[in-house]
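Asks: On the provided structure of chain X, position chain Z as indicated by the hints.
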Amino acid sequence: MSNEILIKVENLSKSFGDNEVLSNVNLQIEKGEVIAIIGPSGCGKSTFIRTLNQLEEVTGGSIYLDGEDITKKGVDINNVRSRVGMVFQHFNLFPHLTIKKNLTLAPVKLGLMTQEEADKKADELLERVGLAEKADAYPDSLSGGQKQRIAIARSLAMNPEVMLFDEPTSALDPEMVGEVLALMKELADDGMTMVVVTHEMGFAKEVADRVLFFDEKGIKEEGTPAEIFEFPQSQRLKDFLSKVL
Amino acid sequence: MKKKLSLILLALTAALMIGCGAKEETKQVKTLDDLEGAKIGVQLGTIGDIYASDYEGDEAGTVVERYNKIADAVQALKQGKVDCVIVDEQPAIASTANESTLVILDEPFALEEYAICIAKDNDELLTKVNEALSELQADGTVDQIINNYIGDDTKGTCPYVSPDDVSYDNGTLVVATNVAFPPYEYYDKGEPVGIDMELITAIADKLGMQVKVEDIEFDSIINAVDSHKADVGIAGMTKTEERLKSINFSESYVTSKQVIIARDPSLSGDGIGFVDNLKRNFVDDDRWTFILKGLGNTLIIALCAVLAGMILGFLVAIVRVTYDKTGGWAFLNTICKLYLAIIRGTPMMIQLLIIYYVVFKSVSVPKLLVAIIAFSINSGAYVAEIMRGGIMSIDGGQMEAGRSLGLNYKQTMTSIILPQAVKNVLPALGNEFISLIKETSICGYIGLMDLTRGGDIIRSITYEPFLPLVAVALIYLLLVQLLNLGVGKLEKNLRKSEK
Chain X
1 MSNEILIKVE
11 NLSKSFGDNE
21 VLSNVNLQIE
31 KGEVIAIIGP
41 SGCGKSTFIR
51 TLNQLEEVTG
61 GSIYLDGEDI
71 TKKGVDINNV
81 RSRVGMVFQH
91 FNLFPHLTIK
101 KNLTLAPVKL
111 GLMTQEEADK
121 KADELLERVG
131 LAEKADAYPD
141 SLSGGQKQRI
151 AIARSLAMNP
161 EVMLFDEPTS
171 ALDPEMVGEV
181 LALMKELADD
191 GMTMVVVTHE
201 MGFAKEVADR
211 VLFFDEKGIK
221 EEGTPAEIFE
231 FPQSQRLKDF
241 LSKVL
Chain Z
1 MKKKLSLILL
11 ALTAALMIGC
21 GAKEETKQVK
31 TLDDLEGAKI
41 GVQLGTIGDI
51 YASDYEGDEA
61 GTVVERYNKI
71 ADAVQALKQG
81 KVDCVIVDEQ
91 PAIASTANES
101 TLVILDEPFA
111 LEEYAICIAK
121 DNDELLTKVN
131 EALSELQADG
141 TVDQIINNYI
151 GDDTKGTCPY
161 VSPDDVSYDN
171 GTLVVATNVA
181 FPPYEYYDKG
191 EPVGIDMELI
201 TAIADKLGMQ
211 VKVEDIEFDS
221 IINAVDSHKA
231 DVGIAGMTKT
241 EERLKSINFS
251 ESYVTSKQVI
261 IARDPSLSGD
271 GIGFVDNLKR
281 NFVDDDRWTF
291 ILKGLGNTLI
301 IALCAVLAGM
311 ILGFLVAIVR
321 VTYDKTGGWA
331 FLNTICKLYL
341 AIIRGTPMMI
351 QLLIIYYVVF
361 KSVSVPKLLV
371 AIIAFSINSG
381 AYVAEIMRGG
391 IMSIDGGQME
401 AGRSLGLNYK
411 QTMTSIILPQ
421 AVKNVLPALG
431 NEFISLIKET
441 SICGYIGLMD
451 LTRGGDIIRS
461 ITYEPFLPLV
471 AVALIYLLLV
481 QLLNLGVGKL
491 EKNLRKSEK
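Taken in sequence, the protein lines are chains X and Z.
Under our numbering, the first residue of the first sequence is numbered 1, with each subsequent residue one higher.
Under our numbering, the first residue of the second sequence is numbered 1, with each subsequent residue one higher.
Chain X with its partners taken away, still in its complex shape (with noise of 0.2 Å):
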């Protein structure tokens, strides 16, 4: 793992109307790192996320991506998305659009690949992800963790420098959950920067380099999963993780 810095999160606060939901959280991410952000529900660690592609505005403080300033404003938005891929709870495929065609249109759409580099790029990620023979099939016709491994896919087309995975397998029925996360820590092995908002705590020991306890408006605890997982300092933390383990 290098050093270089690749996100980096200064004295981010968020409100919705008059209620903040995150206060005064730092974070840097180095490239090739892989974090998994753990908490109880409605503490803001999916809202966190989405700030990180800037799916959400923050209120105050900044993120720098590359050392860019990301929540300035005349920042092209659209370019730092294409270089943060980001996969959904509930997948969000496209249903009107085979599956390589929700592989390739954003690459294309977007002027980053000829129609042909594309094709032969999403034949490429669905191989990787095992769901080759489904090329030409509507998403409809998938299976929940099939599904996920398509939205994996679709992000992995862009080529991008970190993902942002926000509950991947909440949405999954339990014997579908495996094959997803066997393909989240392929990525990993290979060198991908992850940021993770997850409840399975198996991964987060496994997998991670680095668990974020998230509660009350931001980051509570941080360390290893050793650290985490085994000695866990707050009390807070040792409540969440005796419910969950």
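Please keep in mind that the hints were generated in silico from the structure rather than gathered at the bench.
Just to be clear, a hint being listed does not mean it is correct.
Derived pair list, reagent style PhoX-like, types lysine-lysine, alpha-carbon separation capped at 25 Å [claimed, not checked]:
| # | chain 1 | residue 1 | chain 2 | residue 2 |
| --- | --- | --- | --- | --- |
| 1 | Z | Lys78 | Z | Lys27 |
| 2 | Z | Lys423 | Z | Lys489 |
| 3 | Z | Lys410 | X | Lys73 |
| 4 | X | Lys101 | Z | Lys492 |
Stretches of chain X that chain Z covers, calculated by requiring three or more beta carbons in the stretch to come under 8 Å of a beta carbon on chain Z [unchecked claim]:
| # | region |
| --- | --- |
| 5 | 106-113 |
| 6 | 152-166 |
Glycine included, every Cβ here is placed at the ideal spot set by N, Cα and C.
Replies: Relative to the frame of chain X, chain Z by itself:
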């Protein structure tokens, strides 16, 4: 398909039987005195209407039924819906010629004089028309024209022929009339002919102008002339105090009588065979061409309006959704909301009339274009709301997914949201297009010959209500079925992704 067809036929037969079966209590009108307490049929806005209105609501309970066409009034009389019809003498003779159960009472109801109407601010034309008229009266041309249409001995023997040396240097004389008033104006082989038509041609020849006839509803003629949609109105129109308030009249050119048509129960109807009737309505004088021409116009209007309405609706829907979702385009959104409120809050017919008579008052725009514009604007409002609903029904995650890949708002809208929205609202859009096709049947109000008016014109010539109406209805039915078929096919195609 066969089953469907037989069901439709069954429904038609049932409707027919109900229509024939309903006999109301009727009164026989034999003299003028019998008018009190009778049901009187008239053509809306005519002198007959004005006279009959004096009886309306009296102690004897006289009722006046106003029809758009004399032909409709005569049919109502035949079917017992009214007891008598007050109408100008010549149209009365023409319209009862084929009706063996109807008689014209010997006693005339009133005498009256026909004149040409001209806008109040157009004294120059009024003077010229009067001069031309008095010259034509002096040299016997007026009598010649009248004799060509009235009088058994002279009928058809002495048509007016334009002199060879007429130069049409002074432009066009736009003439508003209602070509459903024989022998003053009626269609013969698709051309408007009659006393009024020949007379106005003779006058225009004197003025060095080319006649252009606009066939519109009788009660719209004064409006059309007043708003300069037409230069003159000539339609067997009597000079009355009421009309003089809004329009000027030339000197009168003919004296006519108001007469009463009544049923005579002693006469029996000798029904004309179905095939002969069919021939009389559609084959004779190539009357089917009215239907064909009308159908052409209906299709042109409907197609253009569907396309333009779609585009307009899309744009408005996108403005509205963008405002709802992002708060942008507040000003445009306000305009769009106003547009939706006005168009969806007023009847289509009123919109059409306003666009024709008010918006395009002083500009000469072809009626077909006026209709296309009016129907596009109307349809756009409905399509906009349908589309907005469709866009709103798409899960918010779709927009987020598109944006998270780096697509901008517009790209996400056009390649992700709209295709799904269109698929979802296709049945509703199909429904809107069906209404649109049928709604075009009001085009007759601006004198545009669409399918419905094509049938109406045949009715005004043959005085036969059933066949032209049913023919027109069947054509609409066929059009809608074809549209349904197309929409169904498209839907099936788009639903591929749901297998």
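Asks: Check, residue by residue, whether the region 106-113 of chain X contains three or more positions whose beta-carbon lies closer than 8 Å to a beta-carbon of chain Z, and give the verdict.
Replies: holds (count 3)
Asks: Within 25 Å, alpha carbon to alpha carbon, are Lys410/Z and Lys73/X?
Replies: holds, 20 Å
Asks: When you check the alpha-carbon spacing of Lys78/Z and Lys27/Z, does it fall within 25 Å?
Replies: holds, 12 Å
Asks: If you draw a straight line from the CA of Lys423/Z to the CA of Lys489/Z, is it 25 Å or shorter?
Replies: holds, 12 Å
Asks: Take the region 152-166 of chain X, compare each residue's beta carbon with every beta carbon of chain Z, and decide whether three or more fall closer than 8 Å.
Replies: With 3 residues in contact (Cβ-Cβ under 8 Å with chain Z), the coverage given for the region 152-166 of chain X holds.
Asks: Hinted pair, alpha-carbon criterion (25 Å max): Lys101/X, Lys492/Z. Please report holds or violated.
Replies: OK: Lys101/X and Lys492/Z at ~20 Å, within 25 Å.
In terms of the numbered hints stated before, the structure departs from none.
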